[in-house]
Amino acid sequence: MELSESVQRGLQSLADLSVFDQSGFQVLVDASFRSLLSSHADPGVLDQPEFKRIDQILLKQSHTAATTFILEAVKQNADKSTISSCLEELTFSAERIEIFYSAYQKHKKELGRLLASIGRRAPQINDVSWRLQYHTKNGQVDKVNEPFYSISLNAENEGSSEDINFTCTVEQLQDLVGKLKDAAKSVEKASQM
Amino acid sequence: MLLVLSDDHKEHLAFLPTVDTAVVGEFGRIALEFLRRGSSPKIYEGAARKLSVPVDMVQHGVEGLMFLMTESSKHMISEVDFLDSVLALGFGDELNQMLLQLYLQHHSQIRSILSQLPSNLPAYQNLEWRLDVQLASRSARQQVIPALTMRLLLTRGSDSRSDHSIRVLQADPSTLLHLISTLEAALAAMKTSHSRRILRNIK
Numbered sequence: 001m002e003l004s005e006s007v008q009r010g011l012q013s014l015a016d017l018s019v020f021d022q023s024g025f026q027v028l029v030d031a032s033f034r035s036l037l038s039s040h041a042d043p044g045v046l047d048q049p050e051f052k053r054i055d056q057i058l059l060k061q062s063h064t065a066a067t068t069f070i071l072e073a074v075k076q077n078a079d080k081s082t083i084s085s086c087l088e089e090l091t092f093s094a095e096r097i098e099i100f101y102s103a104y105q106k107h108k109k110e111l112g113r114l115l116a117s118i119g120r121r122a123p124q125i126n127d128v129s130w131r132l133q134y135h136t137k138n139g140q141v142d143k144v145n146e147p148f149y150s151i152s153l154n155a156e157n158e159g160s161s162e163d164i165n166f167t168c169t170v171e172q173l174q175d176l177v178g179k180l181k182d183a184a185k186s187v188e189k190a191s192q193m
Numbered sequence: 001m002l003l004v005l006s007d008d009h010k011e012h013l014a015f016l017p018t019v020d021t022a023v024v025g026e027f028g029r030i031a032l033e034f035l036r037r038g039s040s041p042k043i044y045e046g047a048a049r050k051l052s053v054p055v056d057m058v059q060h061g062v063e064g065l066m067f068l069m070t071e072s073s074k075h076m077i078s079e080v081d082f083l084d085s086v087l088a089l090g091f092g093d094e095l096n097q098m099l100l101q102l103y104l105q106h107h108s109q110i111r112s113i114l115s116q117l118p119s120n121l122p123a124y125q126n127l128e129w130r131l132d133v134q135l136a137s138r139s140a141r142q143q144v145i146p147a148l149t150m151r152l153l154l155t156r157g158s159d160s161r162s163d164h165s166i167r168v169l170q171a172d173p174s175t176l177l178h179l180i181s182t183l184e185a186a187l188a189a190m191k192t193s194h195s196r197r198i199l200r201n202i203k
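Chains as they are written, first to last, in UniProt numbering: chain A, 1 to 193; chain B, 1 to 203.
Pulled out of the complex, with its shape left as it was, chain A reads as follows:
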């Protein structure tokens, strides 16, 4: 993994026993993962009793470096040996590498999902609701007598949700379901490859 100089420096002070004692290290690692995973980063994330004695500038640099390192590792899908060798070079003890790696393993999946969701996508369908109606007559025509469905697809796009409403006849709904089933079959086939 390529890391900038400031990230390397921040990680080196995180490895330094004279800056972060054992509990301070553990708390900073946890705080770094937490600040990445909570949707609205808590401004008081560094407001911990363990950090009282630490130089605030060093603390912030280490926190920034740790979060950058975590994001880069998740982005590259880094394995244990990559992370270990990288942290070893930055003077991390075996014990600290182990603490970091177990936290990384715990949150990796969730962070990966978060990173993969960044970027433009088509609106995502969340749910569908339906109503079956019988059209008997209207202002223009008598004796229509046709059943039809009102369908509402609930879709989400960049955090805002939207309903897509349309009507369809019974035959059209059969057509729609048939096509969705075809699609589901190819998803299943693809997943077996």
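Honestly, I wouldn't trust all of these hints.
Claimed, not checked - For lysine to aspartate or glutamate, the following EDC-like pairs were computed, each having C-alpha atoms within a straight-line distance of at most 16 Å:
id	chain 1	residue 1	chain 2	residue 2
1	A	K181	B	E128
2	B	K191	A	E50
3	A	K60	A	E50
What the hints assert, rightly or not - Away from chain A, derived, C-beta distances all over 12 Å, residues of chain B:
id	residue
4	V4
5	P17
6	F34
7	I43
8	G46
9	V53
10	D56
11	Q59
12	E63
13	D84
14	L89
15	G90
16	Q97
17	R141
18	D172
Stated by the list, open to error - From chain A, some residues computed to sit far from chain B (all C-beta separations above 10 Å):
id	residue
19	K60
20	S84
21	E89
22	Y101
23	D142
24	S186
25	A190
Because the hints were derived from the structure by calculation, they are not lab data. We put the CB at the ideal spot given by N, CA and C, even for glycine.
Given chain A, put chain B in place with the hints provided.
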């Protein structure tokens, strides 16, 4: 069921027996054309010049025919009821038969035109789909995220002047299965004895 024709309507149609049956036939054709595509004043002017009658008279005659056709199609009245209804106009047998033929030949098309008028909700037209797998992005490498990308085609209004809209949507595999099972339940609702009873009894 008989149609009740207003005095104005009768007066408008009274123009028909004064012209040749071929002209009435032409008016019928024009009336249907206007129902399909909307009216055009130019055609009234042309016909009025040829027949050397006022434009109003032609317009009333054609519109009277249009109204007669839409009203009888709306209620889907029987052949006998149609003839009994136009009897009130006091036309000859030949003309009555001509109107009847016009009605019988075109009522289903007129009904389909009429039935499109009140539908302002978009209607399902087609669904195209594609299976995508997201492999990598700027923020994360080595992903395997399957997603179904769909193109939903909706139409609003009649076929001739339809207003298509296309929505591109995505769903993950588990949502896709949820959609299928929910919509299958919708289709099953159609086959319940409750629905069948209603459909059978409201005719």
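Here's how the hints hold up against the structure:
no.	hint	result
1	A/K181 x B/E128	holds (12 Å)
2	B/K191 x A/E50	violated (67 Å)
3	A/K60 x A/E50	holds (14 Å)
4	V4	holds (15 Å)
5	P17	holds (29 Å)
6	F34	holds (16 Å)
7	I43	holds (24 Å)
8	G46	holds (29 Å)
9	V53	holds (31 Å)
10	D56	holds (26 Å)
11	Q59	holds (22 Å)
12	E63	holds (16 Å)
13	D84	holds (18 Å)
14	L89	holds (22 Å)
15	G90	holds (27 Å)
16	Q97	holds (25 Å)
17	R141	violated (6 Å)
18	D172	violated (7 Å)
19	K60	holds (23 Å)
20	S84	holds (19 Å)
21	E89	holds (22 Å)
22	Y101	holds (18 Å)
23	D142	violated (5 Å)
24	S186	violated (5 Å)
25	A190	violated (6 Å)
Violated hints for the displayed structure, listed by number in ascending order: 2, 17, 18, 23, 24, 25.
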